[in-house]
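Q: Could you build all of it, start to finish, from the sequences and the hints given here?
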Amino acid sequence: MLLSTKTNANPFPLLAAFEADPWKATAEHYARCVTDKILAMASYGLELEEEALRTLGIGFSDRSLGNQLPSNQTAAGRRIRERLIQMGLYKENGREALRGYITIPLVDEEHRITGFEGYRLSNSGAVIDKLRVGTGTRLQDSGVRLQEDSIPTRNVSEGQAADTLATETLAPKIPSQPGSPSQEEDPSLTQRVAMQPATPASEISVDASSVTITREDRSYKIRGLEKNMSSLSLRVSIAVSRLERMHLDTVDLMRSSARQAFVKAAALELFCEEETIKVDLGRILLQLEDLRNLQIEAAKRIGPAIPAMTEAQQEEAMQLLRSPNLIERIVHDLDACGMVGEASNKLVGYLAAVSRKLPTPLALLIRSSSAAGKTTLMETILAMVPPEEVLRLSNLTCQSLYYLDSDQLRHKTLAISEDQGLSESAYALKLLQSEGKLTHATVVRGNDGRSVTQLHSVEGPIQLMITSTARDVDEELANRCLILTVDESIEQTKAIQARQRLLQTREGLQRQSQVAAIRTLHHHAQRLLRPLQVLNPLVDSLEFVCDRLRNRRDHAKYLSLIQAIALLHQHQRVIHTEEDGTEWIEVQESDIALADRLMDKLLKQSLSELAPQTEQCLHLVQEFVAKGCRAAAAASPAEQAILRQRFRFTRRSFRESVGWSDNQVRTHLDRLVQLEHLIVHRGKQGATYVYQLAD
1 MLLSTKTNAN PFPLLAAFEA DPWKATAEHY ARCVTDKILA MASYGLELEE
51 EALRTLGIGF SDRSLGNQLP SNQTAAGRRI RERLIQMGLY KENGREALRG
101 YITIPLVDEE HRITGFEGYR LSNSGAVIDK LRVGTGTRLQ DSGVRLQEDS
151 IPTRNVSEGQ AADTLATETL APKIPSQPGS PSQEEDPSLT QRVAMQPATP
201 ASEISVDASS VTITREDRSY KIRGLEKNMS SLSLRVSIAV SRLERMHLDT
251 VDLMRSSARQ AFVKAAALEL FCEEETIKVD LGRILLQLED LRNLQIEAAK
301 RIGPAIPAMT EAQQEEAMQL LRSPNLIERI VHDLDACGMV GEASNKLVGY
351 LAAVSRKLPT PLALLIRSSS AAGKTTLMET ILAMVPPEEV LRLSNLTCQS
401 LYYLDSDQLR HKTLAISEDQ GLSESAYALK LLQSEGKLTH ATVVRGNDGR
451 SVTQLHSVEG PIQLMITSTA RDVDEELANR CLILTVDESI EQTKAIQARQ
501 RLLQTREGLQ RQSQVAAIRT LHHHAQRLLR PLQVLNPLVD SLEFVCDRLR
551 NRRDHAKYLS LIQAIALLHQ HQRVIHTEED GTEWIEVQES DIALADRLMD
601 KLLKQSLSEL APQTEQCLHL VQEFVAKGCR AAAAASPAEQ AILRQRFRFT
651 RRSFRESVGW SDNQVRTHLD RLVQLEHLIV HRGKQGATYV YQLAD
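Each residue of the sequence shown is one higher than the one before, starting from 1 at the first, in our numbering.
Quick caveat, the hints were computed from the structure, so don't treat them as lab data. Keep in mind that the hints are not guaranteed to be accurate.
Stated by the list, open to error - With a straight-line cut-off of 25 angstroms between C-alpha atoms, the simulated SDA-like cross-links for lysine to any residue are:
| id | residue 1 | residue 2 |
| --- | --- | --- |
| 1 | Lys-278 | Ile-327 |
| 2 | Lys-412 | Asp-547 |
| 3 | Lys-412 | Leu-477 |
| 4 | Lys-227 | Ala-312 |
| 5 | Lys-437 | Arg-553 |
| 6 | Lys-601 | Lys-684 |
| 7 | Lys-412 | Ser-457 |
| 8 | Lys-412 | Glu-389 |
| 9 | Lys-278 | Ala-298 |
| 10 | Lys-227 | Glu-244 |
| 11 | Lys-278 | Asn-93 |
| 12 | Lys-227 | Ser-256 |
| 13 | Lys-278 | Leu-248 |
| 14 | Lys-430 | Asp-554 |
| 15 | Lys-437 | Leu-232 |
| 16 | Lys-430 | Leu-358 |
| 17 | Lys-221 | Ser-241 |
| 18 | Lys-604 | Ala-371 |
| 19 | Lys-24 | Asn-93 |
| 20 | Lys-412 | Leu-286 |
| 21 | Lys-627 | Tyr-689 |
| 22 | Lys-91 | Val-279 |
| 23 | Lys-91 | Glu-269 |
| 24 | Lys-264 | Thr-212 |
| 25 | Lys-24 | Glu-92 |
| 26 | Lys-24 | Pro-70 |
| 27 | Lys-221 | Leu-286 |
| 28 | Lys-627 | Val-665 |
| 29 | Lys-437 | Arg-392 |
| 30 | Lys-91 | Arg-218 |
All values reported here derive from a predicted model rather than from experimental measurement.
A: Written out as structure tokens, the structure is:
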């Protein structure tokens, strides 16, 4: 029968030694923890040869003493630890009093170890703290003697905790520059300091991937700072090292609980007092906040640089702004930049972009069918605006506007390519248009760990440009905008095709080479426009329709359009100045006349329940029905009594007659049915549907 064997080896071989003589057992354990690096640093810091240090019984407390003892859950473990606390080797919290210290045993007259003298060194080897535990004197052998007055000694008698912060004790004593000690210190310190390099209280170095901060013998390497672009958080990875020990963690320094956890873990790992790490972390937080704020400010400045204007460029731009035919010049330049026709739409779009400098800018909604040219119209207008004053976006999430910088949108043009891209943020855009400001309340963790409400504001006003192919647009957003509809006529299509062919010729090449210069000229001109106040002394002579509720907003847009025209002509007007320094110009009759001409067309498009394409479809249906009735009457005189209202047609017959796509015909006929301009009937055997004009 095979019997199993059990090893009876003692898991705590030093237990008997600790119970017999705790001082000697601790000294022997500390001596085994000394590495070559620690021995070299001690030799430099204590100014003794390594062999002399070995003779003195040098040791190092690396926090492993507790591993040699039974658990504090056992009676033996509790008994030994209570005795170590009484001796001063352990603190009341169960940690070693000398952790992180180089130790030298102290002996009595009979050469029995009765205490320790501990020295804490910096990374450069300088002694920054000295701690005595127990009683006795150092072992004297072969003329070996440590300098007793080189640094103050903190005594810990039996039963006393060693909790005093080293840096607080040493601050008045450590000189800031080598060779320049205080006159009140021992003269021996002068020679001592001159022999060692200066250790700055705090050094910081920044490179592309990390920030390194040195505090005495502790080095903190911080990574991930570049990801923090908000003042609400400061989440970084911190690697703190001291001697041969290191602690690494990722922590949000804006959270009190996270800082406290890091302080405790780092102090335990590095053999430092918690208060030391806490002070370091507080100062590091302030330094990192400054660096984060600098990178946030730098990010705000990232974007198109504003080129400096030469005197010649400024003079050319002023000539444009002072030109008596400025409006015609703008339309001509937009045409030269590739936008064919659409004279009214181009001018309204340009004026809307200029209105961004007003307290109440104009919003623009450009509607058309797909491929009709709405995006080309918007891009042509935006190309005339200085790049630093335009923000182009393809999509907006529901919260994205709330987290922009407070002044990132102020008096800027916000362009969104399709209204589908703002479906989630339509509410925020409407508020920004109406109130000129967004205020967002969020819950964050405060320094005390409790949840607090923090407010963030985004300042307006903004000038908004949106394009859309949708049949139905959000009514709340649409009645805040001037609505432009693109010309979809055959004549406009022919003009566009002619321009496309022209671009393939030498003349077209020459025109293309002038586009950049034209755009640059308008950029300079718009930079010379100042955000002046615009006053209208002719308001009493103005009239506006008032039969609909939405005319209240339409009237405000009409007034803003007049102001935009006047602002564009500011260099042709007298600038008045109030006593408080406010500058303003006056509206003239020519401004109102141009606004009336533009607004007449805009109102027809805005107030109609039918989209322009749907309205065109209705006209085509009416022509198609009239033609069908005439053909039927000519073919059969007996049916001359056929009434227009009884004429029915299929979607296919209408589609083949007008040459539209099935999608276009289906979309607009359905809209006409909804608005009761058409009546739909089920065809023969329910296979088809036929349409009839309503009475």
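Q: Does each hint hold? Answer for all of them.
A: Verification of the supplied hints:
Annotation: proposed proximity of Lys-278 to Ile-327 is violated, straight-line Cα distance about 67 angstroms (limit 25 angstroms). The straight-line distance between the Cα atoms of Lys-412 and Asp-547 is roughly 33 angstroms, outside the 25 angstroms bound, and the hint therefore fails. This hinted pair checks out: Lys-412 and Leu-477 have alpha carbons roughly 19 angstroms apart, not beyond 25 angstroms. Taking the CA atoms of Lys-227 and Ala-312, the gap is near 43 angstroms; set against the 25 angstroms cutoff, the hint is violated.
Proposed proximity of Lys-437 and Arg-553 is supported: the alpha carbons are some 18 angstroms apart, at most 25 angstroms. Taken as a hint, the Lys-601 and Lys-684 pair is broken in the structure, with Cα atoms around 44 angstroms apart against an allowance of 25 angstroms. Taken as a hint, the Lys-412 and Ser-457 pair is honoured in the structure, with Cα atoms around 16 angstroms apart against an allowance of 25 angstroms. For the given pair, Lys-412 sits about 5 angstroms from Glu-389 by alpha-carbon distance, which is consistent with the 25 angstroms threshold.
Between Lys-278 and Ala-298 the CA atoms are separated by roughly 30 angstroms; this puts the pair beyond 25 angstroms, and the hint is violated. Our distance criterion of 25 angstroms between C-alpha atoms is broken by Lys-227 and Glu-244, whose separation comes to about 30 angstroms. With a CA separation close to 18 angstroms, the supplied pair Lys-278 and Asn-93 stays within the 25 angstroms bound. This hinted pair checks out: Lys-227 and Ser-256 have alpha carbons roughly 20 angstroms apart, not beyond 25 angstroms.
Distance restraint check for Lys-278 and Leu-248: the Cα-Cα separation of roughly 16 angstroms lies within the 25 angstroms cut-off, and the hinted pair is therefore satisfied. Note on Lys-430 and Asp-554: the hinted pairing holds, with a Cα-Cα distance of about 15 angstroms set against a maximum of 25 angstroms. Using a Cα cut-off of 25 angstroms, the hinted pair Lys-437 and Leu-232 holds, with the two alpha carbons roughly 20 angstroms apart. This hinted pair checks out: Lys-430 and Leu-358 have alpha carbons roughly 18 angstroms apart, not beyond 25 angstroms.
The hinted pair formed by Lys-221 and Ser-241 meets the criterion: a straight-line CA distance of about 9 angstroms does not exceed 25 angstroms. This hinted pair checks out: Lys-604 and Ala-371 have alpha carbons roughly 23 angstroms apart, not beyond 25 angstroms. A distance of roughly 23 angstroms separates the Cα atoms of Lys-24 and Asn-93; the hinted pair therefore holds under the 25 angstroms criterion. Under the criterion of a C-alpha separation no larger than 25 angstroms, the hint pairing Lys-412 with Leu-286 is inconsistent with the structure, at around 34 angstroms.
At most 25 angstroms may separate the alpha-carbon atoms for a hinted pair to count; Lys-627 and Tyr-689 meet this at roughly 20 angstroms. Distance hint between Lys-91 and Val-279 is fulfilled; the C-alpha atoms sit about 21 angstroms from each other, no more than 25 angstroms. Taken as a hint, the Lys-91 and Glu-269 pair is honoured in the structure, with Cα atoms around 16 angstroms apart against an allowance of 25 angstroms. For the suggested pair Lys-264 and Thr-212, the alpha carbons sit about 21 angstroms apart, so the restraint of at most 25 angstroms is met.
Only pairs whose Cα atoms come within 25 angstroms are accepted, and Lys-24 paired with Glu-92 is accepted, the gap being roughly 22 angstroms. Restraint check for Lys-24 and Pro-70: satisfied, since their Cα atoms lie roughly 18 angstroms apart, inside the 25 angstroms limit. The suggested pairing of Lys-221 with Leu-286 holds, with an alpha-carbon distance near 15 angstroms, which does not exceed 25 angstroms. Our distance criterion of 25 angstroms between C-alpha atoms is met by Lys-627 and Val-665, whose separation comes to about 18 angstroms.
Proposed proximity of Lys-437 and Arg-392 is supported: the alpha carbons are some 19 angstroms apart, at most 25 angstroms. About 23 angstroms separates the Cα atoms of Lys-91 and Arg-218, which keeps this hinted pair within 25 angstroms; it holds.
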